[in-house]
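**Q** Protein chains in written order, with numbering that gives the first Met the number 0: chain F, 0 to 159; chain Y, 0 to 304.
No lab work stands behind these hints, which were simulated from the structure alone. Watch out, some of these pointers could steer you wrong.
Below 30 Å or equal to it, Euclidean Cα-Cα: the simulated DSS-like pairs (lysine-lysine) are [to be verified]:
(1) Lys138(Y) to Lys90(Y)
(2) Lys55(F) to Lys138(Y)
(3) Lys3(F) to Lys49(Y)
(4) Lys44(Y) to Lys11(F)
(5) Lys55(Y) to Lys44(Y)
(6) Lys1(Y) to Lys56(Y)
(7) Lys1(F) to Lys55(F)
(8) Lys55(F) to Lys89(F)
(9) Lys22(Y) to Lys55(F)
(10) Lys138(Y) to Lys1(F)
(11) Lys1(F) to Lys42(Y)
(12) Lys42(Y) to Lys1(Y)
(13) Lys55(Y) to Lys175(Y)
(14) Lys259(Y) to Lys1(F)
(15) Lys55(F) to Lys259(Y)
(16) Lys44(Y) to Lys3(F)
(17) Lys11(F) to Lys56(Y)
(18) Lys55(F) to Lys90(Y)
(19) Lys1(F) to Lys44(Y)
(20) Lys1(Y) to Lys138(Y)
(21) Lys56(Y) to Lys55(F)
(22) Lys3(F) to Lys55(Y)
(23) Lys90(Y) to Lys1(F)
(24) Lys141(F) to Lys55(F)
What follows is each chain in one-letter form.
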Amino acid sequence: MKTKIQITLNGKSTTLEVPNHRLLLDLLRDEIGLTGTKEGCGTGDCGACTVLLNGKPVNSCLVLSGELDGADIVTIEGLKIGPELDPVQKAFLQDGGAQCGYCTPGMLMMSKALLSENPNPTEEEIRFALSGNLCRCTGYAKIVEAVQDAAAEIRAKSVR
Amino acid sequence: MKRPEPLEMYQPTSVREASRLLKETGPGGWFLAGGTDLVIAIKEKGLVPKYIIDLKKIPGLSGIHENSDGSVTIGALATMRDLEISPLIVKQYPFLAQSAAEVGSIQIRNRATVGGNMANATPSADVAPSLIALDATVKIAGASGERSLPLEEFFRGPGQTVMRPEEILTEITIPKTSRALVGEYIKFSPREMMDLAYVGVAVAFARDEPERRCRDVRIVLGAVAPTPIRARRAESLVEGQILSEDVAAQAGEEAARESKPISDVRSSAEYRRAMVRSMTKRALLNAATAGQERISWVERRDRRY
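Bound-form chain Y, shown alone (with noise of 0.2 Å):
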């Protein structure tokens, strides 16, 4: 393993001005936020930045907070631990709170943030399915002005964002979702924090009274195709329906059609499709009878299998 080089650091405190910094400095450039992707791809994946831009001096770009409309905005620079732990979170979508204690240990989810994670763009990335799930946009600043899209139009590929290198990701907001919301995020992964997902399967949807039928179905696949996705027919089967185990079997075995997984070291495509299929069944079927309270990491990890 190595070591960093002797590098320059910059520690600006505005967005723009960071952007202007790695536009003017030129190649070689990296944007610091926690540092626990950027620092183990110096040591193990042989980066070597000339400079290092660290966003943490900017304000503005952390906490978690409610917006008058009802939305929730996540700043850039929340750590994973913040999501966990947010009140706010924790009462309103339990299982996006959930899928960011899935990464990692508590030291790591102390310095990773939900901005870096996303701008990393590593396909099986823990949150990304869940904020998909929310309809959760992004806001992205560069030294010409702001715009704002879909996160699910955000990535590209494995590592690969809409951003051009000058770009910083500076927010995450979720829409105001209807109170009879429901969700879950099942991390597969033998070692579970400690491991990258296998396969991740984020749903949410609500329910109408007094039938139950299930309305704006979201089901987002994570570590099965090149970034993040939704299984937009598996989606359609369930739509309108009133959750039953078979109507979450159909779903599943849609799921897994629609996956495009590859085979490596944690596994092979096949099993991972067949994964996506038993996990896309059981977290249709835990987000129906999952009360919103919080539930420990033991009983979560135990209604997974």
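Bound-form chain F, shown alone (with noise of 0.2 Å):
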């Protein structure tokens, strides 16, 4: 019930023995530590649990261990590359785009696979790629500043 995989977890090759039924979500937080991806709704309708899985985000709470053999995992602790912050997670800190911050890591890994694709979005396109992340506490504009300002820093650097 047991299968041995092989992953890249936040660009680092690691081998693990993993229950077969362990969620993804479990694996990170219980067996891993890595307890900065959050549980939600559990269902997928929440975006907490947002995980960049093959460079795509997904809901962490609906993938099973047993299937994730040779998979690349990016998990809200990878985000940063270096000493200096993800111009994603300066943008939420500096135009307030958390409040109590539980779904701030499903949407700050949502925003940068976003803003991979995408790195001059409308702002009504960055609603429509934040909409499976759901926040109760702001109105979402300050997110989605924060997103908008992102943005603005990625194509600064990219033009420097």
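Fit the two chains together into the complex; they arrive one by one in their own frames, and the hints show the way.
**A** Written out as structure tokens, the structure is:
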């Protein structure tokens, strides 16, 4: 009932023996100790558990560990490369794009995925991309602003 | 909400092997594609699989490509997101791309597969009406061979298809269609992509020049019968006609009569029928005026009402 998997987690190659039925979310939080990824609804509706699986944002609460061999996984802990925060992290901080913070890791991962595909999104495109990430504190205005500012920062950097 | 219980997982590398595994291992086995229905069934609906056969290691089941005869094949493991952003689909069948974009969030669409969605046979599945409107066929493979049939005949009821337990849907093919084909899918759901369709309407038709009479009209309804259904009497009211407000309204009336909705937590049957009437009319008129260009989700949403 266990499978040996080789995965790349936040840039590091790791071999693990995992119970097939363990959810990726639980594998990350309870077995590996990366508790930045949050569980909200558990049914793929709220986006709090969003991680990048093979470069694409997915709900980690709906992925079984037994299917992960060969996977590349990036969690909120791996968003920052090097000493500086990622532009989306900086922008959320600067714009107050978080209140209680519970949805924030998912918001950041989804925003990162959006900006990797589209560094110049319109407000509608940002809202469309984030429609699977629920925040119950704010009205999303500051979150959208933060994504816009992160986009501007990324574009400025690529020009420099 | 329950956590999954320990289970065996197989990762076969051919369809034949996968099919044989299920047949030989016996009851309690489930095929796994994207898992967005299966894992939720385990967590919320009391499903306890003894073993799971993951299909994702089988080569050749994903991807979307055009064949030499102009038909387009969608691999069963192509994701909803693949369908939504495929340049081929966006260019040739924008309303199909749009119907894929109506399914859940991007996170869900990155996992949910087109084949899995068909095999689970939810009456409200958003891409089913659009695919049926395009005369799509499905290929089904088992341990003993393959067969193809129209997608319209694939569904038997909620969660029911013509497949035997050990059979696997491997691909969906859209035959070459007229260049002048236009279409529209309207998902009527107050929470948009984050909830199931209360009513889904896909229409497709070609138009003769210079009169622009409608040909090969398809009107397909989702979520208002045990399976997606073609509203054939409504189609015949539009066939050969020049589309007008009146023609579209009559087709809407007829489609509403052909629908067989139920009342549930989302909506009453009566309301669903009224929405079939309005959405069919609107889908026909939108299809007639829509260019083939991709429109933003805001425009898409706004022209629904």
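**Q** Taking the hints in turn, state whether each one holds.
**A** For each hint, the structure was consulted:
For a cut-off of 30 Å, the pair hint linking lysine 138(Y) to lysine 90(Y) stands: about 24 Å separates their Cα positions. Taking the CA atoms of lysine 55(F) and lysine 138(Y), the gap is about 28 Å. The hint holds against a cut of 30 Å. At most 30 Å may separate the alpha-carbon atoms for a hinted pair to count; lysine 3(F) and lysine 49(Y) meet this at roughly 19 Å. Note on lysine 44(Y) and lysine 11(F): the hinted pairing is violated, with a Cα-Cα distance of about 36 Å set against a maximum of 30 Å.
At roughly 24 Å between alpha-carbon atoms, lysine 55(Y) and lysine 44(Y) fall within 30 Å of each other, so this suggested pair holds. Distance restraint check for lysine 1(Y) and lysine 56(Y): the Cα-Cα separation of roughly 27 Å lies within the 30 Å cut-off, and the hinted pair is therefore satisfied. For a cut-off of 30 Å, the pair hint linking lysine 1(F) to lysine 55(F) stands: about 25 Å separates their Cα positions. Of the pairs offered as hints, the one joining lysine 55(F) and lysine 89(F) holds, with about 22 Å between alpha carbons and a cut-off of 30 Å not exceeded.
Annotation: proposed proximity of lysine 22(Y) to lysine 55(F) is violated, straight-line Cα distance about 34 Å (limit 30 Å). For a cut-off of 30 Å, the pair hint linking lysine 138(Y) to lysine 1(F) is broken: about 33 Å separates their Cα positions. A C-alpha spacing of about 20 Å is found between lysine 1(F) and lysine 42(Y), which places the hinted pair at or below 30 Å, so the restraint holds. A threshold of 30 Å between alpha carbons decides the hint, and for lysine 42(Y) with lysine 1(Y) the separation of about 5 Å falls inside it, so the pair holds.
About 28 Å separates the Cα atoms of lysine 55(Y) and lysine 175(Y), which keeps this hinted pair within 30 Å; it holds. Between lysine 259(Y) and lysine 1(F) the CA atoms are separated by roughly 46 Å; this puts the pair beyond 30 Å, and the hint is violated. Among the hinted pairs, lysine 55(F) with lysine 259(Y) is inconsistent with the structure: their alpha-carbon atoms are about 39 Å apart, more than 30 Å. The hinted pair formed by lysine 44(Y) and lysine 3(F) meets the criterion: a straight-line CA distance of about 29 Å does not exceed 30 Å.
Taking the CA atoms of lysine 11(F) and lysine 56(Y), the gap is near 23 Å; set against the 30 Å cutoff, the hint holds. As the CA atoms of lysine 55(F) and lysine 90(Y) are separated by approximately 23 Å, the hinted pair is consistent with the 30 Å bound. Simply put, lysine 1(F) and lysine 44(Y) have alpha-carbon atoms about 24 Å apart, close enough for the 30 Å limit, and the pair holds. For the given pair, lysine 1(Y) sits about 35 Å from lysine 138(Y) by alpha-carbon distance, which is inconsistent with the 30 Å threshold.
Taking the CA atoms of lysine 56(Y) and lysine 55(F), the gap is about 18 Å. The hint holds against a cut of 30 Å. Proposed proximity of lysine 3(F) and lysine 55(Y) is supported: the alpha carbons are some 17 Å apart, at most 30 Å. As the CA atoms of lysine 90(Y) and lysine 1(F) are separated by approximately 44 Å, the hinted pair breaks the 30 Å bound. For the hint linking lysine 141(F) to lysine 55(F), the alpha-carbon distance of about 24 Å falls within 30 Å, and the restraint holds.
Hint compliance for this structure: hints 4, 9, 10, 14, 15, 20 and 23 are broken, all remaining hints hold.
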